[in-house]
Amino acid sequence: MKDNIIYFDNAATSYPKPEEVIQAMVHFSRMIGGSPGRSGHRLAIEAGRIVFEARERISQLFGGKDSSRVVFGLNATEGINQGLKGLLRPGDHVISSSMEHNSVMRPLRAMMKEGLEVTILPCSPEGFLDPQGVKKALRKNTKMVVLNHASNVVGTLQPLAEVGEVCRQQGVLFFVDAAQSAGAIPIDLEREKIDLLAFTGHKALFGPQGTGGLVLGERVEEKELTPVKQGGTGSRSELEEQPDFLPDLCESGTPNAVGIAGLLAGLDFVLREGVEKIRVHEMRLTQELLQGLQAIPGVVLYGPRDARKQLSTVSFNIQGIEPSEVGLKLDEEFGILCRVGLHCSPASHRTIGTFPQGTVRFGLSYFNREEEVEEALQAAGRIARREA
Amino acid sequence: MAQGVILFPSIHFALRAEKLVKAKGISYKLIPVPRHLSSDCGVCLRIPWEKKGEVLGILAQTRVKVDGAHPL
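As given, the protein sequences belong to chains P and G, one line each in that order.
Residue 157 in our numbering sits at position 157 of the first sequence; the count goes up by one each step and never skips.
Residue 47 in our numbering sits at position 47 of the second sequence; the count goes up by one each step and never skips.
These are computed hints drawn from the structure, not numbers from a lab.
Check the hints yourself; a few may be wrong.
To be verified - Cβ pair distances, simulated, as ranges:
#, chain 1, residue 1, chain 2, residue 2, range
1, G, Leu-72, P, Glu-241, 48 to 56 Å
2, G, Arg-35, P, Arg-30, 27 to 35 Å
3, G, Pro-32, P, Asn-4, 51 to 59 Å
4, P, Gly-231, G, Leu-72, 55 to 63 Å
5, G, Glu-50, P, Arg-30, 34 to 42 Å
6, P, Lys-65, G, Ile-31, 49 to 57 Å
7, G, Ala-23, P, Val-280, 31 to 39 Å
8, P, Gly-63, G, Ala-23, 44 to 52 Å
9, G, Thr-62, P, Gln-291, 24 to 32 Å
10, G, Lys-24, P, Asp-244, 29 to 37 Å
Unchecked claim - Partial selection, computed: residues in chain G whose CB lies under 8 Å from chain P:
#, residue
11, His-12
12, Ile-31
13, Pro-34
14, Leu-37
Since we're looking at a predicted model, the values are computed, not measured.
Glycine is no exception: its CB is placed at the ideal position from the N, C-alpha and C atoms.
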């Protein structure tokens with residue numbers, strides 16, 4: 001077993017985290033520790049400030065106007081469930097794509113049984129959705145279009161602004177799943193005409209696992225939003241009914257404040273480095289990885305195969321070897337950690353033609369270096385030549 | 001000096017208000033909501049009561065939701 005590792009599983013969760021993320025969580029645990037929004041003592045208020053500042057940074061990152069419309073939860077999945085189940089009713093129609101993660105697909109499938117009408121638009125083999133297809137699929141009762149910004153399987157970036165424009169013209173809500181893209185590529189609620197955006201904290205925002213949520217644009221009415229759970233909020237404690245204002249409406253129970261402290265440090269890191277700079281670095285590594293893999297006989301590459309059209313997530317197979325076997329060799333013999341299989345997205349694999357065997361996925365981050373890409377290319381070459 | 005408090009529906013707005021009054025150099029303190037004003041378990045913003053008009057004016061220009069203002 002090789003001891004030195006190359007971590008290429010950042011599409012699942014980013015590692016390593018910036019040192020200040022770890023320090024922020026240690027500081028919170030040791031020096032703050034209070035329950036945010038509960039109690040009026042100094043430590044509870046300080047914990048509240050941390051959560052408040054994280055909300056402000058999330059809003060800033062996506063060009064939001066009002067940080068009370070940032071709702072924290074455990075992950076993007078919680079944000080997606082809140083957005084879908086909080087707004088869609090039986091008889092409504094929703095449009096989505098064949099590149100969705102199960103975090104969108106499974107709630108939609110469950111809601112179909114309750115009477116939701118769902119159209120899943122097919123995407124190209126590279127994973128692209130045609131915005132004109134969205135226009136054609138619109139019905140009188142279409143309430144929302146929900147779309148994965150960047151594929152977690154092949155990195156494909158969808159034409160958000162075009163789809164957003166179609167939605168805005170038709171008065172339909174546009175819900176973007178930014179689990180992979182938030183922090184890795186610039187996103188602006190106004191520019192892309194996004195009404196709801198689900199994010200996770202533990203990928204390109206460099207926070208810990210157990211952080212994420214939902215950003216609500218101005219077109220989402222508070223009074224039309226049903227919380228997926230109810231409970232204590234620290235506010236309106238005299239009432240047995242849920243508060244009717246954001247963010248409390250959708251945030252019940254003690255939050256993951258220590259995690260949010262880490263997320264705040266991650267957000268500060270991303271804002272300080274700059275999303276543009278992060279994108280440029282990752283694009284360069286991705287292009288090198290794509291070119292290198294394409295040059296290896298026996299390697300089949302999926303997705304756009306163009307770093308400008310995708311995030312730093314690359315899927316491939318080596319002919320004649322199961323993805324699981326490639327993954328095991330990469331881990332044991334080369335110390336390269338990646339993810340193989342279907343990546344919680346059977347629809348995407350059907351779209352790119354790799355269902356049910358799946359692919360080998362390399363997910364790069366800002367912390368990966370050129371030498372690591374070169375080493376991985378050598379490893380893939382050796383496996384393809386049956387030298388490993 | 002006479003003091004008073006401004007109440008908010010939740011801590012999010014209390015902290016937003018804190019940031020705004022801090023930026024204006026107005027003295028303040030976040031304190032637990034006095035029981036006689038509300039049974040809420042949250043915090044409110046205590047300010048010199050002579051600053052009430054100024055502070056409410058600042059908050060009115062923002063999206064901060066205010067529940068009330070009371071002298072102590």
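These are the hints, each one checked on the structure:
1. G:Leu-72 - P:Glu-241: 48 to 56 Å: Given range 48 to 56 Å: violated, Cβ gap about 29 Å.
2. G:Arg-35 - P:Arg-30: 27 to 35 Å: 32 Å, holds
3. G:Pro-32 - P:Asn-4: 51 to 59 Å: 53 Å, holds
4. P:Gly-231 - G:Leu-72: 55 to 63 Å: Violated: the Cβ-Cβ distance is about 32 Å, outside 55 to 63 Å.
5. G:Glu-50 - P:Arg-30: 34 to 42 Å: 40 Å, holds
6. P:Lys-65 - G:Ile-31: 49 to 57 Å: The hinted range 49 to 57 Å is violated for Lys-65 (chain P) and Ile-31 (chain G), with Cβ atoms some 29 Å apart.
7. G:Ala-23 - P:Val-280: 31 to 39 Å: 34 Å, holds
8. P:Gly-63 - G:Ala-23: 44 to 52 Å: 22 Å, violated
9. G:Thr-62 - P:Gln-291: 24 to 32 Å: 51 Å, violated
10. G:Lys-24 - P:Asp-244: 29 to 37 Å: 30 Å, holds
11. His-12: 5 Å, holds
12. Ile-31: 6 Å, holds
13. Pro-34: 10 Å, violated
14. Leu-37: 12 Å, violated
Of the numbered hints listed earlier, those contradicted by the structure are 1, 4, 6, 8, 9, 13, 14.
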